[in-house]
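J.: Read off the chains here:
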Amino acid sequence: MAPKRSKGAASRASSKASEKSKDRTTDSSSPFGSVEDSGVPKDIFPMVITTATQELFECRIDEDLTKDNPFKCLKKDDILQDMRMRAAVSDFHPVKQMVLDYPAEEILLVFDRDFTYGQSFYLVLTEEAKERTLNPPQAVEEQAVQDESDSIICKTPEPISWVSLGSDLEIDEESVVDTRARLKLKISRVRREFGAPVVFSDRNASETPDGYMECMPYQDKNFSIQLLERSTGIQAVPNRKSSTTQTIWKYPRNMYTQYQAREFTAEDKENCMNSENLKNFVNLVASRIEIALQQNEIMDVFFDDWRALSEEEVVFGGKTETHLKEYQSFTDLKFSKDKTISSINWHPTISGVIAVAVTERLSFEERINDSTKLLLNPSLILFWNFSDPLNPQLMLECPDDVFSFEFCPSDPNVIVGGCMNGQVVLWDISAYAERLQGGRAGGGSSTSANTNTIPGFEDKHENETPVMRYCAVSGIENSHKAPVTDVQWLPEHFEVSRTGVPLENKNLMCVQIITCGPDCCVMFWDIRAPRVAAQPVIDKQQKVEQTPLENPNGVPNTFSHLDLSWNPLIRVNLPKIDSSGEYSPLKFSFRDANENQLGGGADKSHHNAENSEGRAGYAQLRVPSAKQLKVLEDVSTRIFVGMEDGELIYTDWKMEKDSDSGRLFSAKPSRCFFVHDGPVNTVRRSPFFKDIILTVGGWTLAIWKEGVMHGPIMLVSCAAKRGTVGHWSLSRPGVFFIGKEDGNVDVWDLMEKTHEPSQTQNISTTSVTCIKPWIVSSKQHLLAVSDNFGTLHILEIPWALRSPVSKEKLIVGRYFEKEVEKLIYFEKQAEMRVKEKKEMDAEELRKKMEPAVPERVVEQIEEKSLKEYQDYLGLEKVMLKDMGLLPKEDSTEI
Amino acid sequence: MAEVEETLKRIQTHKGVIGTIVANAEGIPIRTTLDNSTTVQYAGLLHQLTMKARSTVRDIDPQNDLTFLRIRSKKHEIMVAPEKEYLLIVIQNPSE
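Chains as they are written, first to last, in UniProt numbering: chain C, 1 to 894; chain L, 1 to 96.
One or more of the hints may lead you astray.
As the list claims (entries may be wrong) - Dumping the calculated DSSO-like pairs for lysine-lysine here, alpha-carbon to alpha-carbon at most 30 Å:
1. C:Lys828 - C:Lys838
2. L:Lys15 - C:Lys807
3. L:Lys9 - C:Lys279
4. L:Lys15 - C:Lys822
5. C:Lys630 - L:Lys74
6. C:Lys838 - C:Lys690
7. C:Lys822 - C:Lys838
8. C:Lys654 - C:Lys668
9. L:Lys84 - C:Lys721
10. C:Lys269 - L:Lys84
11. L:Lys75 - C:Lys809
12. C:Lys753 - C:Lys325
13. L:Lys9 - C:Lys690
14. C:Lys818 - L:Lys15
15. L:Lys52 - L:Lys75
16. C:Lys809 - L:Lys74
17. C:Lys809 - L:Lys15
18. C:Lys807 - L:Lys84
In case anyone wonders, no lab produced these hints; they're calculated from the structure.
Work the whole structure out from these sequences, hints included.
T.: What follows is the structure, encoded as C-alpha cells:
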C-alpha cells in the first residue's frame, strides 16, 4: 500500500516540517523556501533511484552517499544521457522537463536517509536551493540561535498555498452526491373515478399474497452492540478534605459561677467614715449635689408642656358637644304598646343587640281586675338589633312580668329573670344565637334568601319574630312571695356553699344567682342539678319514660333538671337591727360582682369560646361536695341592700349556726342607714372603685364608701323631681347618670360640680325607668334609656362625657378620700360637742346642787356694792381735789 | 464624723430624695440609706458608668475631668458626684 504509506509518511513529514518551521524563524531545515503545512517544497523533487542508477551515478546508499555526506552533484548531461538511453525506465524520467530547464551544469542530488520528503533521494531543482543546501546551514543555524536569543519576533505566518495531504478525499467521501439519476414517477387515474361513490367489498386477506403487510418482530442488532467508544465530559475539581482542629469535646460539663459583690465589714465602714479623706470629700461634693437637688425641686426641666396641654384639648364644637345625641329609638307597636320597660340589658358579646323587659303599667288593683286579660297576653322580653328598628329579633316568653333579668357572663345564651309572682326563670337561647348575630329583618319584608320555596308549602311563620319559651322556672312554694326586683349572677371564680361560705368554683362558669324581693329575703340559687339522691333507680325509670316527650314547646332541655323543682340554695333573711320585723329589699350590690358591665365583649367572648370547648354543658354540672372545694378567704361576703322604705343596710350573707337548735339563721345587719325618702331603686358599684356605691331613692341620691360607717360620703337631697334610676359611666370615674320621673336624664360630673348635675337633658315626656350605658368601640359609647311608654332610646355619649380627663381617677379618688376625712372630722366634732355638752350639763347640775345659799348671797352682794359705792365717792373727791376741779358747793351736794 | 453625718442627713431630707449612697473608688458601698441588695447594685453599676464617663471626657480633652453626672430616667433622677477616692450617689424623684 504504497500510497498509504507515502501519505502517512508525507503527513508525518509535513507535520515535522511544519513544527520545525514554526520553531525556527528562518527556514533552516528546509532550505527550499517556505514550507507549507503539508506537502513537499516546490524546488525539490523526491525520487526513487534504483540500485542500477545508483551504481551508474555513483550515489549508492551508504557507500557514496552517507548520512554525513548526503550530497552529490550530478552532471546535467549525464542525466540527460541516461534518460535518452533508458527512456521511460529511467528514474529521472519524471523530472525530465525540470532537468532540461535547469540552468546550471550540475544538479544536486540529496540522499534523504530519513525519508523526509517521501523518498530516499531528492533532487534539488533550483540553483538557490542548491546553494543553500551545499553551503552549510551552520551560519544559518548560528543566525537562528542569535536571532532567538535577541528577541522573539512575532511574525504573522504568510499564507501558503494549500497542499493536499489526502484530507480532501475524506471530505469528498462525506459529501452527498447523486450516484444515479433521480427517478421520476407519474401516477394517473381516470378522471371519472374521482369523487365517485366508493364501493367496498370483502376479501380474504390470506388469499392474495401481497394483500397484507406484516411486521414481523426481529432482533434489533442495535441493542446487542457493544459500546466500544463513548464520549463524556470531564471537569476537574479541586480536592476536598475534611478535618478538624482545636479542643476535644469529649466530656461536656456544666459550669456556673456564683459570685457575691464585695462588701465592707462594719469595722471597715466605721474606719472609712471616720477618715479625714471622707470628710473632705463630703464637704467638697455636698455643694454640687445640693445645687442639683434644688434645681430639680424648682422646676422639672423635662416636663413636656406641649404634650400635657393636648390632653385637655376640647374637640371641635366645644361646649355644645356635651349633649347626648339621639342615636336610635326602638318601640314595638304590637308588643310594647301601653306597656313600660322595667329593665334593659345589652347583650354581652353580640354588639348591637339589646334586650328589654316589657311589663304592664298597671297598679295592683288594676292588675287584679284585668287578670284574665293579662293571662292571655304573655309577658315578653324583646331583643332588638340596631339594624332593624321596627321589629324585634327574638322574644322570650315569661310566666309573668319580668322586673329584672341578666345575661349569664360565662354563657351569653343563658338568661335568668325574676318575675312578678316571685318565680325565677331561666332561658336558653343558643338556638337563636346566630339569628341574633345575623340580624335578619323579621316581620313584614320577605327576604329573597329562600329561593327554593315551593308555592303552597311556604313556611308562614318564617318571617315572624320567633317566640321562645322559658327553659326552667323555680318552684312556686319556695320562691319569693313578692316580685323579684333584682337578679344578679355570682362571678365565675367562686361559688357559695349552703352556709354562705364562699368556695372556689372549679368550673369557671357562673353557676349561682342571687335574687332579692320585697318579701324580706335575699336568696341564692344554684343552676346545677343537685347531687344524686338516694333513689337513682326510680329516677332513671322516670327519665326513660320522659325521653319521648322531649321538647314539646321547642324548648331546649338544658335546665330541665330544674324545671318546676328549683329551690333556692340559701335564704338570707334581713331582720331589723333595732326592732323586730324585717327589711324588704329592692336592690342589692355585692363586692365581687362581674366586670362584665364594662362592655367591649370581644375579649370576653374569646375567653368564653375557649372555655366552652373544654367545659361540659350546664346539664352535666353537679353541685360538688362542699368539703372538696377550697374556701376563698379574700372574697367579701357583705352586701349593701337598698330597701323599700329608703334604708340602706350593710349585712353579711353568711349564715350563722344557732348553737342551741343547730339551725342556720342569718345574722343581723351590721349597719342601717336611713337616708333616702323613697324606695331605693338603685344600688350600684362604681366600675372604677370597688368600694364606692351610688344609691338613688326618692328625692335624694347618695354615694357611699364601703368601710366608712358614719354615713354617705356625698349626699344630695332636695332635688326637684324624684330620681328613678342611676348608673355610673363606664369610661369616666367621676361621671354618673340619673334618670328622673319627668323624663330628664341628669349627667353628674364630679370634676365640675358636686352639688348639682352638670347638665340635664330631656329624653321623653314620661319618667325614665332604666339607664344602661355600653361601650361599643373606643369611638362610640351608647346609653340606653327606657321610659314609661315602652320606648327604648339609644343615645350616643359625646366625646366630652366619655373620655376621661387626665388623672381623673386620681382626682376623683382624692375627692372621695377628702369627703371621708370630712365625715370623720364631723363625727369627731360631733363627739366632742357631745362631750362638751355633757360637761356643761354636769356643771349646771353642780350649780343646781347649791340652792340653800341664795339669800345670804344677795345680802352679801348688797353690802359689797354699797361698800364699793362709798369707796368710789371717796375716790371721786380725791381726784377732783387733785385736779382742782372740786366745786365749792361740794359740801352742800353731799 | 458628726459633720459628715449631718451633711448626709441634710441631703437625704431634701425634697424628693429617695436614697443616698457613699461608695469608695472601687464601687464598694460604705454608707447607704437603701437596702443592701439595691445599694450593691447601684454602687457597682454606677461606678462602672462613672469610669466610662470620666474616660470619655478625658479622651476628648486630657486636661478636663468629670465633676458631676446626672442621669434622668422616667421615674427618677440619679446624681453621681465622683471624686478621687469616693463616690456619692443620690437618687431623687423630681416630679413630686
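J.: Hints first: check each against the structure and report whether it holds.
T.: Here is how each hint holds up against the structure:
Using a Cα cut-off of 30 Å, the hinted pair C:Lys828 and C:Lys838 holds, with the two alpha carbons roughly 15 Å apart. With a CA separation close to 23 Å, the supplied pair L:Lys15 and C:Lys807 stays within the 30 Å bound. Distance hint between L:Lys9 and C:Lys279 is fulfilled; the C-alpha atoms sit about 14 Å from each other, no more than 30 Å. Our distance criterion of 30 Å between C-alpha atoms is met by L:Lys15 and C:Lys822, whose separation comes to about 28 Å.
Among the hinted pairs, C:Lys630 with L:Lys74 is inconsistent with the structure: their alpha-carbon atoms are about 43 Å apart, more than 30 Å. For the proposed pair C:Lys838 and C:Lys690, the alpha carbon gap of about 40 Å is over 30 Å, so the pair is violated. With a C-alpha separation of about 24 Å, the suggested pairing of C:Lys822 with C:Lys838 holds against the 30 Å cut-off. Restraint check for C:Lys654 and C:Lys668: the C-alpha separation of about 11 Å stays at or below 30 Å, so the hint holds.
The straight-line distance between the Cα atoms of L:Lys84 and C:Lys721 is roughly 78 Å, outside the 30 Å bound, and the hint therefore fails. For the given pair, C:Lys269 sits about 18 Å from L:Lys84 by alpha-carbon distance, which is consistent with the 30 Å threshold. Straight-line distance between C-alpha atoms of L:Lys75 and C:Lys809 comes to about 20 Å, which keeps the hinted pair within the 30 Å bound. At roughly 22 Å between alpha-carbon atoms, C:Lys753 and C:Lys325 fall within 30 Å of each other, so this suggested pair holds.
For the proposed pair L:Lys9 and C:Lys690, the alpha carbon gap of about 41 Å is over 30 Å, so the pair is violated. A hinted pair counts as satisfied when its Cα atoms are at most 30 Å apart, and C:Lys818 with L:Lys15 qualifies at roughly 24 Å. Using a Cα cut-off of 30 Å, the hinted pair L:Lys52 and L:Lys75 holds, with the two alpha carbons roughly 23 Å apart. Distance hint between C:Lys809 and L:Lys74 is fulfilled; the C-alpha atoms sit about 21 Å from each other, no more than 30 Å.
For the proposed pair C:Lys809 and L:Lys15, the alpha carbon gap of about 26 Å is at most 30 Å, so the pair holds. For a cut-off of 30 Å, the pair hint linking C:Lys807 to L:Lys84 is broken: about 46 Å separates their Cα positions.
Checked against the numbered hints listed earlier, the structure breaks hints 5, 6, 9, 13 and 18; every other hint is satisfied.
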